[in-house]
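Asks: Protein chains in written order, with the working numbering: chain D, 1 to 424; chain E, 1 to 428.
A couple of the hints might just be wrong.
The list that follows gives simulated cross-link-like pairs (lysine-lysine, DSS-like), each with its CA atoms no further than 30 Å apart [said to hold, decoys possible]:
| # | chain 1 | residue 1 | chain 2 | residue 2 |
| --- | --- | --- | --- | --- |
| 1 | E | 133 | D | 298 |
| 2 | D | 142 | E | 336 |
| 3 | D | 137 | E | 336 |
| 4 | E | 347 | D | 23 |
| 5 | D | 422 | E | 133 |
| 6 | E | 347 | D | 66 |
| 7 | E | 294 | D | 142 |
| 8 | E | 336 | D | 131 |
| 9 | D | 131 | E | 294 |
| 10 | D | 141 | E | 294 |
| 11 | E | 208 | D | 23 |
| 12 | E | 29 | D | 20 |
| 13 | E | 294 | D | 137 |
In short, the hints are calculated from the structure, not lab data.
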Amino acid sequence: MTQFERGQLQRIRLHVLPTKRFKTFAISMFAGLTLDEATVTPVALIPFVLRRGTADTPETIAFREKLDDLYGAGFGFDVYKRGDSQIVQFRMDVINEKFVSSNQSLLAASLHFLGDVITDPLIDNNGFRAKYVDAEKTTLKKRLESIVNDKIRYAAERCLEEMCANEPYRLHPLGKLEEINAITPTSLYEHYKEWLDNAALDLYVVGDTTLDEVSQLVKSAFKVNEGAPSPYVRPKVDHVVKEVKKVTDRMEVSQGKLNLGLRIGVGYDDDAYPAALMYNGILGGYPHSKLFLNVREKESLAYYAASRLDGHKGICTIQSGIEFANYDRAVAIIQAQLESMKQGELSELELDQTKAMISNHLRELQDSAYEMIAYDFNSVLTGKQRSAQQLLEQVQAVTAADIVKVAERVQLDTIYFLRDRKEA
Amino acid sequence: MQTLNYPNVQETLYRVVLDNGLEVIVLPKEGFNKTYATFSTKYGSVDNRFSVGNQPPVQVPDGIAHFLEHKMFEEPTGDIFAVFASQGASANAFTSFDRTVYLFSATEQINENLETLINFVQNPYFTDANVEKEKGIIEQEINMYRDNADWRVYFGLIDALYHEHPVHIDIAGTAESIRQIDKETLYRCYETFYHPSNMLLFVVGGVKADEVFELIRANQAGKSFEPQGEIKRYFEEEPASVKITRKVTELPVSLPKCMMGFKERHVNLTGEALLRQEVTTKLMLDALIGPSSKLYQQLYENDLISDSFGHEFNSSSGYAFSVIGGDTPNPDELLKQFRSAVEDILKTGIEPAAFERSKRKKIGGYLRMLNSPEAIAGEFTRYRFRDSNMFDVLDFYESCTLEDVNQRLREHFDFNQLAVSIVEQPAK
Numbered sequence: 001m002t003q004f005e006r007g008q009l010q011r012i013r014l015h016v017l018p019t020k021r022f023k024t025f026a027i028s029m030f031a032g033l034t035l036d037e038a039t040v041t042p043v044a045l046i047p048f049v050l051r052r053g054t055a056d057t058p059e060t061i062a063f064r065e066k067l068d069d070l071y072g073a074g075f076g077f078d079v080y081k082r083g084d085s086q087i088v089q090f091r092m093d094v095i096n097e098k099f100v101s102s103n104q105s106l107l108a109a110s111l112h113f114l115g116d117v118i119t120d121p122l123i124d125n126n127g128f129r130a131k132y133v134d135a136e137k138t139t140l141k142k143r144l145e146s147i148v149n150d151k152i153r154y155a156a157e158r159c160l161e162e163m164c165a166n167e168p169y170r171l172h173p174l175g176k177l178e179e180i181n182a183i184t185p186t187s188l189y190e191h192y193k194e195w196l197d198n199a200a201l202d203l204y205v206v207g208d209t210t211l212d213e214v215s216q217l218v219k220s221a222f223k224v225n226e227g228a229p230s231p232y233v234r235p236k237v238d239h240v241v242k243e244v245k246k247v248t249d250r251m252e253v254s255q256g257k258l259n260l261g262l263r264i265g266v267g268y269d270d271d272a273y274p275a276a277l278m279y280n281g282i283l284g285g286y287p288h289s290k291l292f293l294n295v296r297e298k299e300s301l302a303y304y305a306a307s308r309l310d311g312h313k314g315i316c317t318i319q320s321g322i323e324f325a326n327y328d329r330a331v332a333i334i335q336a337q338l339e340s341m342k343q344g345e346l347s348e349l350e351l352d353q354t355k356a357m358i359s360n361h362l363r364e365l366q367d368s369a370y371e372m373i374a375y376d377f378n379s380v381l382t383g384k385q386r387s388a389q390q391l392l393e394q395v396q397a398v399t400a401a402d403i404v405k406v407a408e409r410v411q412l413d414t415i416y417f418l419r420d421r422k423e424a
Numbered sequence: 001m002q003t004l005n006y007p008n009v010q011e012t013l014y015r016v017v018l019d020n021g022l023e024v025i026v027l028p029k030e031g032f033n034k035t036y037a038t039f040s041t042k043y044g045s046v047d048n049r050f051s052v053g054n055q056p057p058v059q060v061p062d063g064i065a066h067f068l069e070h071k072m073f074e075e076p077t078g079d080i081f082a083v084f085a086s087q088g089a090s091a092n093a094f095t096s097f098d099r100t101v102y103l104f105s106a107t108e109q110i111n112e113n114l115e116t117l118i119n120f121v122q123n124p125y126f127t128d129a130n131v132e133k134e135k136g137i138i139e140q141e142i143n144m145y146r147d148n149a150d151w152r153v154y155f156g157l158i159d160a161l162y163h164e165h166p167v168h169i170d171i172a173g174t175a176e177s178i179r180q181i182d183k184e185t186l187y188r189c190y191e192t193f194y195h196p197s198n199m200l201l202f203v204v205g206g207v208k209a210d211e212v213f214e215l216i217r218a219n220q221a222g223k224s225f226e227p228q229g230e231i232k233r234y235f236e237e238e239p240a241s242v243k244i245t246r247k248v249t250e251l252p253v254s255l256p257k258c259m260m261g262f263k264e265r266h267v268n269l270t271g272e273a274l275l276r277q278e279v280t281t282k283l284m285l286d287a288l289i290g291p292s293s294k295l296y297q298q299l300y301e302n303d304l305i306s307d308s309f310g311h312e313f314n315s316s317s318g319y320a321f322s323v324i325g326g327d328t329p330n331p332d333e334l335l336k337q338f339r340s341a342v343e344d345i346l347k348t349g350i351e352p353a354a355f356e357r358s359k360r361k362k363i364g365g366y367l368r369m370l371n372s373p374e375a376i377a378g379e380f381t382r383y384r385f386r387d388s389n390m391f392d393v394l395d396f397y398e399s400c401t402l403e404d405v406n407q408r409l410r411e412h413f414d415f416n417q418l419a420v421s422i423v424e425q426p427a428k
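Construct the entire structure; sequences and hints are all you get.
Replies: Here it is as structure tokens:
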């Protein structure tokens with residue numbers, strides 16, 4: 001497997017993977033700050049405003065046209081949580097010019113574009129352009145209000161919010177609705193400067209290039225202050241559950257959304273992480289897993305019944321869509337699966353199947369530039385160096401006893417149910 | 001074995017049609033760990049009335065193609081997911097309007113996984129009990145989509161556009177329609193549409209073409225299929241007009257969702273002409289209302305649209321329509337401003353610079369798509385079932401002219417052919 005080459009330019013860590021396998025260059029810039037009630041909302045708003053225009057190209061329409069001229073370069077951003085950090089990720093995706101009749105370097109043009117967006121924004125009177133800030137405040141509000149539209153996601157986020165009510169992780173990565181109005185073009189610009197000076201910055205490039213070439217291009221394209229790159233803060237993953245929290249919300253829905261939150265006490269950098277991956281895989285990661293087989297195939301209670309592991313927060317979540325009246329039955333069946341994991345009811349077949357699936361996933365991610373970037377970024381976040389190949393070997397070595405040890409650390413924390421308005 | 005070279009995108013395809021009619025295509029991708037394979041039948045939710053050879057036509061319950069897809073995963077020996085899992089493959093399937101696709105992706109045991117894929121799809125196992133059991137699961141799948149506002153606004157639009165054509169029926173059917181499904185009807189549909197001559201196997205990734213062909217040949221040689229007469233599909237005459245001009249669905253949403261659709265009057269295109277129409281329409285829509293268009297910016301600045309605003313074009317022989325829209329605080333104002341702007345552009349045509357930009361963008365998007373084995377397999381099959389070739393798309397984009405796009409603009413935007421679907425908060 002090819003390796004990322006590492007470099008550094010002022011506050012930016014550079015990660016470059018030279019490869020001829022793709023017809024494109026994939027570029028990602030991660031900017032991470034510790035999740036904080038005081039900054040979560042303005043930080044979420046920053047990328048929305050940055051994508052409206054730069055000092056060089058102030059008008060949004062011209063800004064978008066520039067992207068079209070780069071053969072429709074993909075450009076986007078995302079704001080999400082990892083561990084206790086709020087991460088703004090900018091993404092660009094541009095074709096290698098050798099496939100089209102272009103004589104400009106599309107990589108150079110894209111890095112310049114991204115450098116302008118992030119480090120050379122449009123400034124009017126010591127603040128961002130008021131018109132853009134107003135419009136993007138509305139956009140951010142709509143985004144936060146729209147969380148309720150997707151009932152499956154809404155239930156998943158409500159479950160986490162209840163579960164982590166006393167931790168920064170309760171915060172939505174897009175911030176708090178009620179704090180948007182107070183933001184002004186100048187206050188946002190102050191937050192922006194602080195963000196750029198303090199965020200952990202990691203720039204990734206995957207494609208037919210070299211670390212040298214990228215370093216040169218970044219040097220001329222990004223205006224970042226001198227200084228050392230910022231590290232990420234490791235989140236606390238041990239948590240003692242005193243009592244299982246049960247929450248029910250009511251809304252006009254046709255189907256009940258049942259979500260359970262578990263504390264697994266194992267983080268990405270823990271030696272037990274490969275066993276935690278196996279725990280999640282056997283419990284509910286796949287169509288051969290206990291949840292799928294017992295909730296769906298045996299009982300026909302649901303179309304989906306699955307679990308997901310968040311190694312950065314040490315949390316495992318379970319989600320299923322059921323008839324309202326089947327709540328007690330579904331909860332009982334799910335709890336029985338958790339108990340059977342603890343009792344070590346793990347067959348050789350389940351172990352083999354789950355190892356094969358996780359290994360396949362780890363090999364497949366080598367075929368996608370963005371997946372390779374996302375995997376590598378885990379090591380930046382946690383300080384834990386573990387290549388996909390190493391993780392694959394560690395997963396292969398996991399025993400039933402290792403999984404039971406994880407199961408013994410697992411604590412059910414929250415049972416959340418989104419249901420209709422009719423009283424039962 | 002047929003070798004098809006596409007030097008402009010540096011790809012080579014290998015193709016074989018076996019004696020039993022099965023078409024097999026292999027696209028080796030050097031340096032890729034993963035192999036992705038799809039085994040597809042040209043059979044989807046719209047194929048609800050059909051005949052084979054000289055037999056009389058039959059009408060089958062709505063949602064049966066999707067039901068059949070679910071049931072294929074069950075074998076007398078158990079669930080096929082378990083077999084794939086033991087072989088390190090992640091498997092799945094989906095049903096669309098005009099096809100059903102079974103797939104896996106894996107990095108090891110490719111031969112075993114290919115055999116499993118072909119064997120399970122060619123081995124139906126339906127019993128009264130396992131058919132009954134599936135009804136509960138599918139009913140929950142239908143309920144899940146009932147709560148999904150994006151899905152409801154989209155299918156609401158198709159329902160508003162079409163009177164008769166089964167494209168307006170939900171792919172999964174309804175709780176009532178799936179209750180009518182029994183194992184006899186499932187076998188009937190299976191035997192009609194899962195004959196090798198109605199199917200396509202596409203394999204892309206780190207494989208060698210001759211090895212794949214050898215394996216498939218040997219596998220098929222061990223099975224016998226009766227030659228099958230021609231499959232005929234029957235559709236009621238579809239009026240040119242839309243069924244309902246405005247359809248409103250109530251669901252709890254933060255902002256109304258509004259989608260506009262223009263129904264094409266002429267839908268008798270096939271093969272290359274159908275593909276060319278699709279390419280030209282997509283280019284036209286991007287130039288008109290893509291994120292860098294004036295119209296998009298105007299609507300965004302007037303707070304009538306958000307990042308969710310998008311467009312697509314769906315076409316096949318028998319139906320063709322655009323879908324334009326997203327979340328909006330004011331559907332009526334959005335419609336008004338959209339209509340007035342489009343009517344202006346109908347007079348002047350698309351700006352040449354906007355056309356050139358959209359063309360570049362579409363070419364770039366097409367090339368980026370070729371990085372993804374999943375997208376290649378999906379798009380290739382979709383086009384192949386319409387007797388066209390995905391690898392012609394690049395040429396069509398390159399040869400598309402401003403006149404072509406303006407002609408398409410005038411043909412497509414006929415406001416008599418507009419239907420609107422809205423999902424909004426229930427009135428208090």
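Asks: Give a verdict on every hint.
Replies: Now for the hints, and whether the structure bears them out:
Between the alpha carbons of residue 133 (chain E) and residue 298 (chain D) the distance comes to roughly 9 Å, so the proposed pair stays at or under 30 Å and holds. Distance hint between residue 142 (chain D) and residue 336 (chain E) is fulfilled; the C-alpha atoms sit about 22 Å from each other, no more than 30 Å. Restraint check: the Cα-Cα separation between residue 137 (chain D) and residue 336 (chain E) comes to about 25 Å, which is no more than 30 Å; the hinted pair holds. Restraint check for residue 347 (chain E) and residue 23 (chain D): the C-alpha separation of about 39 Å exceeds 30 Å, so the hint is violated.
Restraint check for residue 422 (chain D) and residue 133 (chain E): satisfied, since their Cα atoms lie roughly 28 Å apart, inside the 30 Å limit. Between the alpha carbons of residue 347 (chain E) and residue 66 (chain D) the distance comes to roughly 27 Å, so the proposed pair stays at or under 30 Å and holds. For the suggested pair residue 294 (chain E) and residue 142 (chain D), the alpha carbons sit about 22 Å apart, so the restraint of at most 30 Å is met. At most 30 Å may separate the alpha-carbon atoms for a hinted pair to count; residue 336 (chain E) and residue 131 (chain D) meet this at roughly 24 Å.
In summary, the hint linking residue 131 (chain D) to residue 294 (chain E) is supported, as the alpha carbons are separated by about 17 Å, within the 30 Å threshold. Of the supplied pair hints, the one linking residue 141 (chain D) and residue 294 (chain E) holds, its CA atoms being roughly 24 Å apart against a limit of 30 Å. Simply put, residue 208 (chain E) and residue 23 (chain D) have alpha-carbon atoms about 21 Å apart, close enough for the 30 Å limit, and the pair holds. Taken as a hint, the residue 29 (chain E) and residue 20 (chain D) pair is honoured in the structure, with Cα atoms around 12 Å apart against an allowance of 30 Å.
For the hint linking residue 294 (chain E) to residue 137 (chain D), the alpha-carbon distance of about 21 Å falls within 30 Å, and the restraint holds.
Violation of the numbered hints given earlier is confined to hint 4; every other hint is satisfied by the structure.
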